[in-house]
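S.K.: Heads up: the sequence lines are chains A and B, in that order.
FYI, the numbering used here numbers position 14 of the first sequence as 14, with every residue one higher than the one before it.
For the numbering used here, add 270 to where a residue sits in the second sequence, where the first one is 1.
Calculated from the structure, these hints are not laboratory results.
Glycine residues also receive a C-beta, built at the ideal position from the N, C-alpha and C atoms.
Incorrect hints may have been included.
Sample of chain B residues facing chain A (criterion: CB under 8 Å; computed from the structure) [stated by the list, open to error]:
hint, residue
1, L312
2, E336
3, A369
Coverage of chain A stretches by chain B, computed from C-beta distances (three or more under 8 Å per stretch; other residues unrestricted) [claimed, not checked]:
hint, segment
4, 89-99
5, 178-191
6, 217-226
Label pairs and their in silico Cβ distance ranges [stated by the list, open to error]:
hint, chain 1, residue 1, chain 2, residue 2, range
7, A, G216, B, V343, 44 to 52 Å
8, B, P629, A, H124, 32 to 40 Å
9, B, S325, A, E158, 29 to 37 Å
10, B, L312, A, H124, 34 to 42 Å
11, B, L312, A, P13, 17 to 25 Å
12, A, T128, B, R317, 32 to 40 Å
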Amino acid sequence: MIRTSAGRVMKSPAIAKAVAILDDLAHSNELGAISAIARRTGMAKSSVADICSTLSVLGLLSRGRDGRYLLGRHIVELARGLVGGRRLIEVFAEACDAAPECRDETVTLSILDGSDIVIVAVRHGRPTLPITPRIGLRLPAWATASGRCFLSVLPADEVAEILTGASATSAGVAGRLPSSSCLMAELATQERAGYFVDDESTAAGMTGFGAGVKEGGAVVAAVVVATRSDTLTPERARRLGAAAHAIAAECETRASSADDACSTRGIASG
Amino acid sequence: MGAGAKGREEVSVDLGAGRVPAVSRAVALLDAVAASDNGLTLSDIARSLGAPKSSLFNICEALVGERLLRRDVHGRYRIGIRIAEFAAAQLNHPPRLKAVALVVQNFTNPFFHAEAHAIKAAGAAASVKVTVFDSGQTLERQLEQLRALATSGTDAVILDPVDSEGVATGVAAVRAAGVPVVAVNAGASGADAVVATDNVQAGELIGRHLGATLRGTGNVIVVGGTRITGNFDRISGFLSALRDFPGIRIIDRLDGDNTRQTGRQVARVILDRHPYATAVFCINDPTALGVLQTFEEQGASAFILSVDGSSEALRSLHTGGGIIATAAQNPHELGRVAFQVAELLHSGARMPRRTWLLPTELIVPGKADAYSPWDVREPNVPDAASAAGAL
């Protein structure tokens with residue numbers, strides 16, 4: 001009996017097996033040989049071989065010169081579906097590197113999902129934060145700097161609706177759900193500064209500076225530079241806010257360049 | 271497969287592709303959802319894939335269960351967050367290189383020092399051990415080094431070949447051991463990838479500049495070098511550009527071995543055979559500097575042109591005679607890109623191409639001030655001799 005990772009019995013065992021293989025390769029830092037994948041996932045070798053071959057034809061796996069497998073490029077292309085069809089997740093790390101003023105800070109890329117934001121890419125920083133951002137982490141949109149980027153471009157009634165469905169609690173902070181009008185006023189003030197601030201609403205001791213990655217006026221993703229509040233001075237806050245804005249702009253620019261990630265330009269410019 | 275999610279006009283609907291149709295169907299479904307701007311309903315998906323809703327529902331639910339899809343507040347299917355986790359793994363965890371061997375033609379020419387330095391620096395930045403081997407400009411030595419490297423446990427070989435064709439058996443031995451070979455600076459027969467200066471372009475730039483300088487008439491001698499693609503390419507580009515100047519004649523073709531010493535020897539032959547030659551094109555700066563030295567000693571004069579952009583050639587740049595132009599290569603960039611290509615090959619990634627050509631820049635007296643030659647900052651030269659001794 002094949003179960004999904006959520007524990008439900010699967011009507012499509014082949015899909016569960018395929019996901020188990022992708023998971024296995026995502027977590028190992030080496031190319032996977034059929035036999036090694038079979039051993040680690042507990043599947044029959046023939047089954048692993050069939051599914052790997054299919055996933056490889058579809059581009060979700062790619063095959064090394066020695067016949068071993070690794071995750072394929074098409075996974076990254078599918079991930080574009082999370083961020084408005086753009087190459088944002090691919091260029092995020094480079095865009096972070098291009099902002100030297102926050103070299104040691106944690107930077108995240110998030111999307112809006114209902115009344116939450118979900119982190120879709122992380123560049124971990126050096127200082128430890130009160131919470132460790134990871135891909136898939138879901139946080140209340142109203143509380144986070146990234147959520148504020150999305151809410152700032154929505155009409156008041158939609159913001160009110162999102163707040164209705166929102167959880168009042170966030171990590172380390174309880175019961176501070178603001179009223180819609182308060183939040184709108186705060187967003188308007190922050191927007192004038194050029195970036196949005198999460199002043200310990202998500203977690204005590206952590207401040208986030210957010211800027212939206214836009215396409216045609218809509219925010220498709222949001223960049224947040226997160227730091228420990230006890231390291232902040234007004235000047236540093238201003239610089240990190242500007243850095244969030246610069247990274248978001250860099251993401252837009254890099255995602256727009258039509259060249260493939262593996263083109264000469266990608267390689268030659270590092 | 272492989273097209274970006276956005277901008278794809280049609281979603282692949284070959285539901286039966288691959289040995290496991292259920293997986294193919296699921297991926298076709300993910301493709302359709304990824305390509306949509308605002309997510310898809312079950313009906314949208316059924317329409318897009320041309321399959322009945324009843325069969326697609328189970329797949330959708332399975333994919334939602336695995337977090338490869340999610341349902342948004344409006345009940346539309348969208349790409350799930352687990353795809354972001356897999357994408358991060360794909361982007362962050364190609365199998366890491368641990369050890370790279372660099373085999374260079376020689377360490378007489380500062381060009382190879384710069385190239386080696388760039389590769390050592392790229393290696394240091396990526397915590398990859400780079401071992402450097404000096405072939406002393408001998409093919410036999412280079413072949414011996416390559417054969418030894420095949421079993422040395424290195425993850426990749428970056429090779430600046432002494433002879434593009436002659437190294438074929440050595441390249442084959444390394445590749446047979448499952449170790450990728452990146453040819454740098456010149457092609458190497460059988461190598462997995464080539465990272466080179468756009469040498470044809472370098473020759474063309476020089477040829478056009480000479481054509482303009484001579485106002486379309488003159489007698490030109492070509493001084494070639496060793497049997498590597500880079501040299502042939504430079505000459506091809508040079509001759510190709512001169513086709514636009516029918517009044518310029520190539521009166522002789524001589525070959526050195528890329529060194530200043532053979533440049534001097536060739537110059538004596540030129541002075542003997544063609545004392546009234548107007549210009550000499552040399553395939554690299556050391557050869558050109560050798561020719562210049564002998565010409566100056568003998569009180570002879572001709573326009574000399576070459577390729578490299580070294581600081582010594584730059585100092586000799588002069589409008590009135592001697593070296594009048596050099597097309598600058600960038601050995602730092604060559605080394606850096608070669609290292610990255612080695613990383614790509616080692617990761618097993620599908621290579622988008624086999625050849626990377628880096629552009630050159632024409633350096634003439636008026637432009638020389640703005641140009642910073644690659645051998646100005648003398649790099650820390652790796653101790654090649656001792657490493658080579660180990661083989």
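S.K.: Determine for every hint whether it applies to the structure shown.
M.R.: Structure-based check of each hint:
no., hint, result
1, L312, "15 Å, violated"
2, E336, "5 Å, holds"
3, A369, "15 Å, violated"
4, 89-99, "holds (count 3)"
5, 178-191, "violated (count 0)"
6, 217-226, "violated (count 0)"
7, A:G216 - B:V343: 44 to 52 Å, "22 Å, violated"
8, B:P629 - A:H124: 32 to 40 Å, "36 Å, holds"
9, B:S325 - A:E158: 29 to 37 Å, "36 Å, holds"
10, B:L312 - A:H124: 34 to 42 Å, "38 Å, holds"
11, B:L312 - A:P13: 17 to 25 Å, "22 Å, holds"
12, A:T128 - B:R317: 32 to 40 Å, "49 Å, violated"
Hints 1, 3, 5, 6, 7 and 12 from the earlier list are contradicted by this structure; the remaining hints agree with it.
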